[in-house]
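Engineer: Two chains, two separate frames, one set of hints: put the complex together.
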Amino acid sequence: MLLIPCPYCGNRPEIEFTHGGEAHLVRPAPPAQVDADTWTRFLYMRENTKGVYAERWRHARGCGKFFNALRDTTTDHFLAVYKAGEARPQ
Amino acid sequence: MPNLAMPNLAKPNLAKRKQRFSAFSLLWRGLSGNQGWEQQWRKPEPKPRYDAVIVGGGGHGLGAAYYLAQQHGLQNIAVLEKGWIGGGNTGRNTTIIRSNYLFNESAALYDHSLKLWEHLSQVLNYNVMFSPRGVMMLAHTVHDIQVIKRHVHANRCNGVDNEWLEPAQAKAFCPPLNIAADIRYPVLGAALQRRGGTARHDAVAWGYARAADALGVDIIENCEVTGIRLGKDGAVEGVETARGYIATSKVGVSAAGHSSVIMRMAGVRVPLESFPLQALVSEPIKPIFPCVVMSNTIHAYISQSDKGELVIGAGTDAYNSYTQRGALHINMHTLDAICELFPEFRRLRMLRNWGGIVDVTPDRSPIVAKTPVPGLYVNCGWGTGGFKATPGAAHLFAWTIAHDEPHPINAPFTIERFHDGTLIDEAAAAAVAH
Numbered sequence: 001m002l003l004i005p006c007p008y009c010g011n012r013p014e015i016e017f018t019h020g021g022e023a024h025l026v027r028p029a030p031p032a033q034v035d036a037d038t039w040t041r042f043l044y045m046r047e048n049t050k051g052v053y054a055e056r057w058r059h060a061r062g063c064g065k066f067f068n069a070l071r072d073t074t075t076d077h078f079l080a081v082y083k084a085g086e087a088r089p090q
Numbered sequence: 001m002p003n004l005a006m007p008n009l010a011k012p013n014l015a016k017r018k019q020r021f022s023a024f025s026l027l028w029r030g031l032s033g034n035q036g037w038e039q040q041w042r043k044p045e046p047k048p049r050y051d052a053v054i055v056g057g058g059g060h061g062l063g064a065a066y067y068l069a070q071q072h073g074l075q076n077i078a079v080l081e082k083g084w085i086g087g088g089n090t091g092r093n094t095t096i097i098r099s100n101y102l103f104n105e106s107a108a109l110y111d112h113s114l115k116l117w118e119h120l121s122q123v124l125n126y127n128v129m130f131s132p133r134g135v136m137m138l139a140h141t142v143h144d145i146q147v148i149k150r151h152v153h154a155n156r157c158n159g160v161d162n163e164w165l166e167p168a169q170a171k172a173f174c175p176p177l178n179i180a181a182d183i184r185y186p187v188l189g190a191a192l193q194r195r196g197g198t199a200r201h202d203a204v205a206w207g208y209a210r211a212a213d214a215l216g217v218d219i220i221e222n223c224e225v226t227g228i229r230l231g232k233d234g235a236v237e238g239v240e241t242a243r244g245y246i247a248t249s250k251v252g253v254s255a256a257g258h259s260s261v262i263m264r265m266a267g268v269r270v271p272l273e274s275f276p277l278q279a280l281v282s283e284p285i286k287p288i289f290p291c292v293v294m295s296n297t298i299h300a301y302i303s304q305s306d307k308g309e310l311v312i313g314a315g316t317d318a319y320n321s322y323t324q325r326g327a328l329h330i331n332m333h334t335l336d337a338i339c340e341l342f343p344e345f346r347r348l349r350m351l352r353n354w355g356g357i358v359d360v361t362p363d364r365s366p367i368v369a370k371t372p373v374p375g376l377y378v379n380c381g382w383g384t385g386g387f388k389a390t391p392g393a394a395h396l397f398a399w400t401i402a403h404d405e406p407h408p409i410n411a412p413f414t415i416e417r418f419h420d421g422t423l424i425d426e427a428a429a430a431a432v433a434h
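Protein sequences appear in the order of chains D and X. In terms of our numbering, the first sequence opens at residue 1 and continues consecutively. In terms of our numbering, the second sequence opens at residue 1 and continues consecutively.
One chain only, chain X, in its complex shape (with noise of 0.2 angstroms):
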């Protein structure tokens, strides 16, 4: 087994100038006026040279620097974003936790990431809101049940936690829960995995960029990158960008449903499509709904937020596109489906809906690799399901990066495994979106 001893999560290591939060600083402030609350983090100008840059200013990117600086002892770093931070994917996806995929691989990859959840909030001394309340899939066929207790018996021999519910106690962990069997896709059972759940996308992002902040990490908003220049060497010189050229000798493209586009820059194609996936919560209600309920069968996914929004995930789009928006008979598949489920929600109103744009590797596992190119990492292709991984992705991304090298986690998840075959094919496992 390859070393999956976790990194030192003792010592946050913020720097001495940042605020700490606690109850006692919320009180104090509180107490008076609010006052004297410092800025999370900066808004720097970029400099002419980096040690490295990352591309891409969500919870991934952000994260990815954080342990840069945290774990690898880089000091000179930049996140280059687009438009603003968290706003792309990290702020419009449903926010649902969970490790249980199926091959050896991926459950390494997953639990990483979710034993980095379960502690994160106290490392970054930022509130994410992390809640393991569980996640609950449901069976509707005999052919559900087989995949889901194959799923159930595989992710027990990797240590992570899954379990077999029959219909009724399913309908005691979400009493919500419509089990009657004269519905067109009764529930024949479910499989719980309770250290899943869900965390506040937003404050990964402000936590993430808040604490590299602190350790000197320069995070530029408004900066798209146009260009990658490589040296007579074939290496990485730098990045073009909306507000200058940019030194740096190391680029990590972590750009989600554009990675395809910027690795285009350096002249290196990767196995992706991009397409629209799209979210709509309801009108806020008071709390009825203790999980994280999904069925791919019928493409329902839905939690209830701490604001009492329902949370509901639908479908991507069929075609590829960049426009961040998709059709509504998506939604409107999706709400038949939560309807069947769970009667009470029929008089609901849907309060707004919105897309993303996934980027989608043919097995439907990620890229998290070094490249072709020199001094060119990228960490991308994870569809439909990036937000659970984030900080497993940050953490193997920021390793890959400062080793130039792939961590043993990540070793598998190669770009070349769509050319020797040894594809991780959760796709053929799940044949639906994570």
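Bound conformation, chain D alone (with noise of 0.2 angstroms):
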């Protein structure tokens, strides 16, 4: 079980929090103008990162509040966690 480290409310055990796949998709805007290609990229698409991957979490059975984390999805470390809506660590 991995502990992942809120940035809210610190280190917790995985079971509560939900995982909410690839961090920073844009849902493509206006939807009648966007073509196939664009929606077949949003939807569909996923990095799959071998590596260093951002993705979202949402402390579910905590404070509720989604964020980002920086994983390597080769050891299951975490290297980053940060707020939604900020930039990605370097």
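Misleading hints may appear alongside valid ones.
[Stated by the list, open to error] Looking from chain X toward chain D, a few residues come up when the C-beta cut is under 8 angstroms (computed):
| no. | residue |
| --- | --- |
| 1 | 121 |
| 2 | 122 |
| 3 | 269 |
| 4 | 272 |
| 5 | 273 |
| 6 | 322 |
| 7 | 328 |
| 8 | 418 |
[Unchecked claim] Straight-line alpha carbon distances no greater than 30 angstroms define the calculated DSS-like cross-link-like pairs of lysine-lysine that follow:
| no. | chain 1 | residue 1 | chain 2 | residue 2 |
| --- | --- | --- | --- | --- |
| 9 | X | 18 | D | 50 |
| 10 | D | 50 | X | 82 |
| 11 | D | 50 | X | 286 |
The set of hints was computed from the structure by calculation and includes no laboratory data. Heads up, the beta-carbon is just placed ideally off N, CA and C, and yes, glycines get one too.
Structural biologist: Written as structure tokens, this is what we have:
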């Protein structure tokens, strides 16, 4: 089980969280003018990075807030957590 | 209907230089101290050039190489494997085989595979221990009953056997099952596919490896692919590997959890996410469990191996990862369900558990297709249910590579379906791992 550093609550066990998928995906707009290629990328294509991956978590059974994290998908170690809306740390 | 004619199963066509396995040869070798068994496949050095290269030495990849050589006459084929053959998801699954999928496209695909399973031991001259002992899927809610009965009817329309059982009939088929009405998720009925069952996972990889090797296929282990080289025309020219550059004009990627990593080397994006999927086995006990039981609602997947271990499948972890390990609470969740359905197993100890990395598509159906890069083909997205598809996927993938176009059975399973919206949405049909 992962120990996840919620930026609001500190380290908490994984069972308190839900995973929110890849971070920094922006819904294309306006919908009527978006072509099929763009919709395909937004709806279905994911980086699925082997290495450092930016992802969303929600502390669903804690503070309830969404936040983003950088995690190495080859070790599952968290490298950084940051608040929703903030830029990805370098 | 597409032509669903089966490949010629009558002629295994193993080269003469291979020893044939038989009851007589076992007895003869046994009486003579088990001396004189040949090496089952060679350990060749990679050649500088092949007509086709398969990336990934699991059952799917080895099988594709075998069918390319056996049915399509390709002479010069290599299978490149990062680790050892059968060491990925082929050796990590719970060996369940069934074809009771909802949609017409899926039923055709998985039943094609099931029909190949039925003769695979004879075709390969290798005992893959296919055991059609029946796969029973439990219903615990009114919704389950409706969904499962819909599956039963849809399957029967497609010529796939499946039947509805009342709880007492389910108990008669699987005596350890608890059908008491007072448990948290009582058994309200079940669907039974009698042709479904299990097979020996390692033997599938070894059987295909031996048969492919006999037809001249080079199986090259410890040979990670690190790049795909494209020519000026954008077509495949060769692959960079840990053991040097290999020229080829056809590359078939069959790399399970790493498929998106390999495809990216050629600049192709595929709609995949890779998740850990775990399984575990109990200590071995005497034969008690006669079939396969699955409960999608409470996540229990269980059968008994010939060695006596209960083989239990758990769910995927919530996050994508390449670590081949998952969290304990996922296993505990499955064991909760197992202990409620089979109370007599509560005192069993679990012997070991492990994880594999499964590549999951958004609609939970696979991709077996050409790609936008000429000469590059992909067989991926089997998610949590690729083992059952091994012979069928391998056969259709080989067809696709040899003909440079899909077989009618795998024609719907393209990458483009995520662009034009023709999804084969088994996820919405089942909403769980397959």
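Engineer: So if I understand the rule, the pair passes when the alpha-carbon distance is 30 angstroms or less; does residue 18 of chain X with residue 50 of chain D pass?
Structural biologist: Measuring from Cα to Cα gives roughly 41 angstroms; hence the hint is violated.
Engineer: Taken at face value, is the distance from the CA of residue 82 of chain X to the CA of residue 50 of chain D at most 30 angstroms?
Structural biologist: It holds: about 15 angstroms lies between the C-alpha atoms, which stays within 30 angstroms.
Engineer: Classify the hint on residue 272 of chain X as holds or violated, based on whether any CB of chain D lies nearer than 8 angstroms to its CB.
Structural biologist: holds, 6 angstroms
Engineer: Can the hint on residue 322 of chain X be confirmed by a CB-to-CB distance to chain D that is less than 8 angstroms?
Structural biologist: Status holds, d = 5 angstroms.
Engineer: May I ask you to test the interface hint for residue 273 of chain X with respect to chain D, counting a Cβ-Cβ separation under 8 angstroms as satisfied?
Structural biologist: holds, 5 angstroms
Engineer: Closer than 8 angstroms between Cβ atoms is the bar; does residue 121 of chain X clear it against chain D? Give me holds or violated.
Structural biologist: Violated, because the Cβ-Cβ distance from residue 121 of chain X to chain D comes to roughly 36 angstroms (cut-off 8 angstroms).
Engineer: For a C-alpha distance cap of 30 angstroms, please report whether residue 50 of chain D and residue 286 of chain X respect it.
Structural biologist: violated, 42 angstroms
Engineer: Double-check residue 418 of chain X for me: the hint is only fine if its C-beta lies closer than 8 angstroms to a C-beta in chain D.
Structural biologist: Since the shortest Cβ distance to chain D is 4 angstroms, the answer is holds.
Engineer: Do the numbers back the hint for residue 328 of chain X, that is, is its least Cβ distance to chain D under 8 angstroms?
Structural biologist: It holds, given that the least Cβ distance between residue 328 of chain X and chain D is near 6 angstroms, below 8 angstroms.
Engineer: Are residue 122 of chain X and chain D close enough, Cβ to Cβ, to be under 8 angstroms, as the hint says?
Structural biologist: violated, 39 angstroms
Engineer: Hey, does the residue 269 of chain X contact hint survive, CB to chain D under 8 angstroms?
Structural biologist: It holds, given that the least Cβ distance between residue 269 of chain X and chain D is near 5 angstroms, below 8 angstroms.
In summary, the structure is inconsistent with hints 1, 2, 9 and 11 from the numbered list given earlier, while agreeing with the others.
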